[in-house]
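With these hints in hand, go ahead and build the complete structure from the sequences.
As they're listed, the protein sequences go chains A and B.
If you're matching positions, the first sequence starts at 333 in this note's numbering and goes up one per residue.
If you're matching positions, the second sequence starts at 20 in this note's numbering and goes up one per residue.
It is possible that some hints are incorrect.
As the list claims (entries may be wrong) - Straight-line C-alpha distance at most 27 Å; calculated DSSO-like pairs for lysine-lysine:
| id | chain 1 | residue 1 | chain 2 | residue 2 |
| --- | --- | --- | --- | --- |
| 1 | B | Lys185 | A | Lys371 |
| 2 | A | Lys353 | B | Lys154 |
| 3 | A | Lys376 | B | Lys185 |
| 4 | B | Lys154 | A | Lys376 |
| 5 | A | Lys353 | B | Lys158 |
| 6 | B | Lys111 | B | Lys276 |
| 7 | A | Lys376 | B | Lys158 |
| 8 | B | Lys154 | B | Lys300 |
| 9 | B | Lys276 | B | Lys130 |
To be verified - Quick list of simulated restraints, FRET-style, between CB atoms:
| id | chain 1 | residue 1 | chain 2 | residue 2 | range |
| --- | --- | --- | --- | --- | --- |
| 10 | B | Asp233 | A | Gly448 | 54 to 62 Å |
| 11 | B | Asn70 | A | Pro464 | 51 to 59 Å |
| 12 | A | Glu565 | B | Trp78 | 38 to 46 Å |
As the list claims (entries may be wrong) - Stretch-level coverage of chain A by chain B, calculated; a stretch enters the list once three of its residues show a Cβ under 8 Å from a Cβ in chain B:
| id | segment |
| --- | --- |
| 13 | 379–390 |
| 14 | 420–426 |
Honestly, the hints are just simulated from the structure, not real lab data.
Yeah, the Cβ is synthetic: ideal placement off N, Cα and C, and Gly gets one too.
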Amino acid sequence: MAGKIATRNAYGEALVELAEKYPQLVVLDADLAGATMTKGFAAKYPDRFFDCGIAECNMTGIAAGLSTCGLKPFTNTFAIFATGRAYEQVRNSIAYPHLNVTVVGSHGGVSVGEDGATHQCNEDFALMRQLPDMIVCCPCDGNEMKQAVEQLIVHEGPAYLRLGRPAVETITDEYPDYHFELGKGVTLRDGKDVTVIATGMMVQMAVKAAAMLEAEGISVRVIDMHTIKPLDEELVLKAAKETGCIVTSEEHSILGGLGGAVCELLSEKCPVPVVRHGVNDTFGRSGTAAAVLEYYGLTPEGLAEKVRQAVALKK
Amino acid sequence: MEKLNSKELAIMATKARLLAVDAVHTASSGHPGGSLSCMDALTTLYFNEMNVDTANPQWQDRDRFVLSKGHCAPALYSVLALRGFFPVEDLKLLRSIKAHLSGHPDMRHVKGVDMSTGSLGQGLSAAVGMALGAKHNGKTYRTYAICGDGEIAEGQIWEAAMAAAKWDLDNLCAFVDVNGLQIDGRTCDVMPSEPLDKKFEAFGWHVVKIDGHDFDQILAALAEARQTKGKPTMILMKTVKGKDVSYMENQAGWHGKAPDDAAFATAKAELEQKLAELEGK
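Set out below in structure tokens:
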């Protein structure tokens with residue numbers, strides 16, 4: 333694939349590409365089809381697209397009802413509204429009755445940029461991960477996103493899928509052994525001193541950070557953890573045992589997301605130093621996506637510094 | 020099943036009231052007041068109006084029902100049990116750790132329940148989804164829902180009301196159980212909701228106002244809903260909270276309180292007396 337594409341754009345393309353193969357797929361949006369990139373599906377399959385207006389809670393409930401009729405609804409809005417405003421609807425109308433709905437949160441994380449803190453959702457992984465049997469997935473690039481969408485259409489049960497706003501490099505198609513399976517992390521690079529477990533756009537940064545650190549003599553393993561729940565425990569434990577320390581990296585609060593999930597697992601089954609890279613316990617702020625990411629240290633350099641800290645903790 | 024007529028429905032509803040109050044008493048927990056107010060509508064739906072198959076609860080062409088005021092599960096469970104979805108004896112295990120009858124309707128574990136509800140304001144949206152799904156799939160089944168008059172203070176109800184009109188869901192028929200009371204007191208004091216008829220009409224619904232304890236009126240309203248094309252129907256039914264248990268009638272205090280042994284004995288005697296009168300004994 334190569335080049336750059338936002339995961340939201342790849343998602344929009346996937347919906348259109350998969351529509352004929354999966355007639356049960358229906359798409360709901362809350363007046364953001366031009367931003368969540370469902371507009372292509374809406375134009376081509378108007379009978380399978382339901383614009384619910386600016387009423388995310390109702391959209392979530394309608395999706396629950398539609399799913400009981402043998403349809404596979406994907407609901408779409410910004411991550412903050414999908415998982416924040418409609419949290420309790422996702423919990424009680426979808427997750428508790430185990431309904432077959434994929435809740436899609438576009439514009440996750442601080443890379444939303446200019447819109448600022450009200451629209452930058454750094455809590456969605458934490459909120460969705462708490463819900464029993466909920467799948468939580470955050471693909472790192474367009475190639476991974478397209479495969480995730482198809483597997484989520486086929487998956488029977490509640491799921492959350494996070495999309496990003498800015499264009500990101502497509503990298504997963506450069507790995508000959510790359511294989512996408514929900515719930516299974518992908519080792520993109522082997523290493524012996526430390527493992528970076530990253531999700532979303534931080535995966536690309538982890539690959540860059542690993543190359544930088546190699547010059548310093550630090551051998552970094554990189555795991556693309558596109559599925560935060562269920563966490564690939566086997567892969568995390570193997571990394572902890574073999575490399576002795578872990579860095580988690582996510583465009584999300586360091587509280588309760590991927591970092592939280594990895595710490596919960598390792599504290600019980602293989603205690604090793606873990607350093608969490610993400611947004612510290614703070615809200616976002618306005619700026620260009622690049623400026624905001626830089627401000628919060630969500631860069632290869634910021635990640636590399638966390639890796640050095642983790643390696644130091646081993647001693 | 021033969022459809023029950025008005026007289027037979029009154030008998031069935033009284034049996035259901037007795038079971039519901041018995042279940043709440045046995046559980047020492049639950050919501051009798053609102054269960055008794057919506058019982059006549061529920062009984063009419065399951066014993067006259069709706070096309071369901073107790074041997075195949077998931078039959079895809081069945082009519083659907085959503086109890087948006089999910090705390091009135093004792094009413095729904097009693098009617099489902101009498102209809103034959105599960106044994107009437109199970110009602111003794113309402114809210115028990117040993118059984119399937121959770122405090123609020125649970126579609127995963129209770130046969131006949133079409134949607135898990137309990138968090139107020141959410142059920143009508145699910146019903147809109149079911150009705151929309153029927154249209155999408157070219158199915159002719161109908162979807163019904165019952166909301167509480169306290170519940171409709173939830174904004175999501177009005178989001179759902181707008182959506183139902185947008186998609187011309189004439190296969191959707193909802194009720195508001197206008198018993199005028201909620202936990203904190205009179206609905207007109209807690210959060211005034213009237214004029215409900217003008218509000219729902221303004222939201223694009225066909226509105227019918229009835230006495231929710233008059234079976235002929237309930238049946239006529241349901242028939243009118245079926246004949247109404249191009250828009251959903253809202254049946255505003257004036258009811259009595261705690262209906263047919265004298266000391267519970269029109270008392271907000273019986274919204275979520277279980278009768279003790281003595282109070283239950285009184286309720287049982289009153290309902291058995293009514294049943295005997297209805298059956299002409």
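Each hint, compared with the structure:
1. B/Lys185 to A/Lys371: Roughly 19 Å separates the two Cα atoms, so the pair holds.
2. A/Lys353 to B/Lys154: 21 Å, holds
3. A/Lys376 to B/Lys185: 21 Å, holds
4. B/Lys154 to A/Lys376: 19 Å, holds
5. A/Lys353 to B/Lys158: Distance ~22 Å between A/Lys353 and B/Lys158 Cα, so the pair holds.
6. B/Lys111 to B/Lys276: 17 Å, holds
7. A/Lys376 to B/Lys158: Distance ~23 Å between A/Lys376 and B/Lys158 Cα, so the pair holds.
8. B/Lys154 to B/Lys300: The hint is violated at about 47 Å.
9. B/Lys276 to B/Lys130: 26 Å, holds
10. B/Asp233 to A/Gly448: 54 to 62 Å: Once the Cβ atoms are compared, 57 Å apart, the range 54 to 62 Å for A/Gly448 and B/Asp233 holds.
11. B/Asn70 to A/Pro464: 51 to 59 Å: 34 Å, violated
12. A/Glu565 to B/Trp78: 38 to 46 Å: Between A/Glu565 and B/Trp78, where Cβ atoms are some 40 Å apart, the hint holds.
13. 379–390: holds (count 8)
14. 420–426: That given contact holds, which follows from 4 residues of the segment 420–426 of chain A lying within Cβ reach (below 8 Å) of chain B.
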